[in-house]
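Residues per chain, in single letters:
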Amino acid sequence: MAEPVTLINSFEVPSPTRRNSFIAWEKTRDYLESPAWIHQYRPLHQAVAPNAEFQFVNIARWQTAEDFMTAIQSPGFREAAAGLAGYRRTQRSTGSSAPDGPAPNGSALEKDQETMQTWEAITSRRNVRSFDGRPIAATDLDRILEAGRQAPSSQNWQAVGLHPGHRPGDASASWPRCGAAPATWPGRRRRSWSSHRRPITSSTGRSSISARRRWR
Amino acid sequence: MAMTLAAADLGIGSCHAGVADIQLARELLGFPGEP
Chain A
0 MAEPVTLINS FEVPSPTRRN SFIAWEKTRD YLESPAWIHQ YRPLHQAVAP
50 NAEFQFVNIA RWQTAEDFMT AIQSPGFREA AAGLAGYRRT QRSTGSSAPD
100 GPAPNGSALE KDQETMQTWE AITSRRNVRS FDGRPIAATD LDRILEAGRQ
150 APSSQNWQAV GLHPGHRPGD ASASWPRCGA APATWPGRRR RSWSSHRRPI
200 TSSTGRSSIS ARRRWR
Chain B
0 MAMTLAAADL GIGSCHAGVA DIQLARELLG FPGEP
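Line by line, the protein sequences give chains A and B.
For the first sequence, numbering that gives the first Met the number 0 assigns the number 0 to the initial residue and increments by one for each residue that follows.
For the second sequence, numbering that gives the first Met the number 0 assigns the number 0 to the initial residue and increments by one for each residue that follows.
Don't read these hints as lab results, they were simulated from the structure.
Using N, Cα and C, we set each Cβ at its ideal position, and we do this for glycine too.
Accuracy of the hints is not assured; some may be wrong.
Said to hold, decoys possible - Restraint-style ranges between C-beta atoms, simulated for each label pair:
{"no.": "1", "chain 1": "B", "residue 1": "28", "chain 2": "A", "residue 2": "153", "range": "34 to 44 Å"}
{"no.": "2", "chain 1": "A", "residue 1": "125", "chain 2": "B", "residue 2": "28", "range": "17 to 27 Å"}
{"no.": "3", "chain 1": "A", "residue 1": "53", "chain 2": "B", "residue 2": "19", "range": "39 to 49 Å"}
{"no.": "4", "chain 1": "A", "residue 1": "48", "chain 2": "B", "residue 2": "21", "range": "18 to 28 Å"}
{"no.": "5", "chain 1": "A", "residue 1": "7", "chain 2": "B", "residue 2": "19", "range": "43 to 53 Å"}
{"no.": "6", "chain 1": "B", "residue 1": "1", "chain 2": "A", "residue 2": "63", "range": "33 to 43 Å"}
{"no.": "7", "chain 1": "B", "residue 1": "21", "chain 2": "A", "residue 2": "50", "range": "17 to 27 Å"}
{"no.": "8", "chain 1": "B", "residue 1": "19", "chain 2": "A", "residue 2": "153", "range": "41 to 51 Å"}
{"no.": "9", "chain 1": "A", "residue 1": "7", "chain 2": "B", "residue 2": "20", "range": "16 to 26 Å"}
{"no.": "10", "chain 1": "A", "residue 1": "7", "chain 2": "B", "residue 2": "16", "range": "30 to 40 Å"}
{"no.": "11", "chain 1": "B", "residue 1": "28", "chain 2": "A", "residue 2": "152", "range": "17 to 27 Å"}
{"no.": "12", "chain 1": "A", "residue 1": "128", "chain 2": "B", "residue 2": "21", "range": "37 to 47 Å"}
{"no.": "13", "chain 1": "A", "residue 1": "50", "chain 2": "B", "residue 2": "17", "range": "18 to 28 Å"}
Stated by the list, open to error - Covered stretches of chain A, as calculated for chain B (at least 3 residues, CB under 8 Å):
{"no.": "14", "segment": "72-81"}
{"no.": "15", "segment": "117-124"}
Claimed, not checked - Far from chain B by the CB rule (all over 10 Å, computed), these chain A residues:
{"no.": "16", "residue": "2"}
{"no.": "17", "residue": "7"}
{"no.": "18", "residue": "9"}
{"no.": "19", "residue": "25"}
{"no.": "20", "residue": "48"}
{"no.": "21", "residue": "63"}
{"no.": "22", "residue": "69"}
{"no.": "23", "residue": "130"}
{"no.": "24", "residue": "139"}
Hey, can you work out the whole structure from these sequences and the hints?
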């Protein structure tokens with residue numbers, strides 16, 4: 000017989016977006032409560048300390064893990080939870096037999112949840128064309144640029160990110176793996192790579208992205 | 000797309016953009032010209 004499962008979601012929410020995240024959470028909760036999927040949905044808990052790692056913790060008890068998977072794979076959930084997709088979260092599950100402990104690593108439910116987070120990110124991302132002008136933290140920029148550098152590309156034509164204050168030639172110091180041709184390449188290719196490896200900097204001091212010239 | 004997903008993960012809005020006029024893009028972004 001299937002056991003009830005309790006899911007605990009901890010959300011990392013930047014201060015300026017707390018209000019929006021709360022609204023997004025309410026929308027998700029309203030959707031999940033409507034078809035009576037949830038056996039018991041407890042209130043959202045907010046951290047007392049403003050600098051706590053997780054600002055919101057959500058606890059939901061489901062009749063079965065299958066009910067949970069059916070709910071989060073429904074089109075209505077994806078639409079309702081789209082506003083929560085941008086926030087980092089940690090999810091843990093507990094069964095009725097071990098109410099205080101996390102689900103074992105690698106459990107089927109945990110794998111499904113990891114897969115769902117990836118799918119959720121793909122399906123819920125939206126283009127944003129209106130910006131409020133707030134600067135983006137350097138650490139966040141680094142992470143975004145690293146995602147671009149890690150992306151597959153034709154003939155290893157990778158993007159290079161340059162930060163404010165960088166001078167020509169600094170890129171290889173900041174992006175060492177981009178800055179040197181692989182030692183296993185033939186000499187001719189290495190020379191070709193080096194001759195085309197010309198970082199392009201922004202004279203305006205803004206963060207910018209450019210592509211290395213193609214080597215052949 | 001990897002970068003827009005990473006941005007969404009951080010709660011940062013983004014969109015893809017393309018510029019056909021390379022020279023105009025250089026001027027807007029302040030990139031130096033070809034040597």
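How the hints compare with the structure:
1. B:28 / A:153: 34 to 44 Å: violated, 23 Å
2. A:125 / B:28: 17 to 27 Å: Cβ of residue 125 of chain A to Cβ of residue 28 of chain B: about 25 Å, so the range 17 to 27 Å holds.
3. A:53 / B:19: 39 to 49 Å: Once the Cβ atoms are compared, 44 Å apart, the range 39 to 49 Å for residue 19 of chain B and residue 53 of chain A holds.
4. A:48 / B:21: 18 to 28 Å: violated, 50 Å
5. A:7 / B:19: 43 to 53 Å: holds, 49 Å
6. B:1 / A:63: 33 to 43 Å: The hint (33 to 43 Å, Cβ to Cβ) holds, given that residue 1 of chain B and residue 63 of chain A are roughly 35 Å apart.
7. B:21 / A:50: 17 to 27 Å: violated, 45 Å
8. B:19 / A:153: 41 to 51 Å: Taking Cβ atoms as reference, residue 19 of chain B and residue 153 of chain A lie about 20 Å apart, which means the hint is violated.
9. A:7 / B:20: 16 to 26 Å: violated, 51 Å
10. A:7 / B:16: 30 to 40 Å: Once the Cβ atoms are compared, 39 Å apart, the range 30 to 40 Å for residue 16 of chain B and residue 7 of chain A holds.
11. B:28 / A:152: 17 to 27 Å: With a Cβ separation near 21 Å, residue 28 of chain B and residue 152 of chain A satisfy 17 to 27 Å, so the hint holds.
12. A:128 / B:21: 37 to 47 Å: violated, 22 Å
13. A:50 / B:17: 18 to 28 Å: Once the Cβ atoms are compared, 40 Å apart, the range 18 to 28 Å for residue 17 of chain B and residue 50 of chain A is violated.
14. 72-81: violated (count 0)
15. 117-124: holds (count 4)
16. 2: holds, 32 Å
17. 7: holds, 20 Å
18. 9: holds, 15 Å
19. 25: holds, 18 Å
20. 48: holds, 20 Å
21. 63: holds, 29 Å
22. 69: holds, 25 Å
23. 130: violated, 7 Å
24. 139: violated, 5 Å
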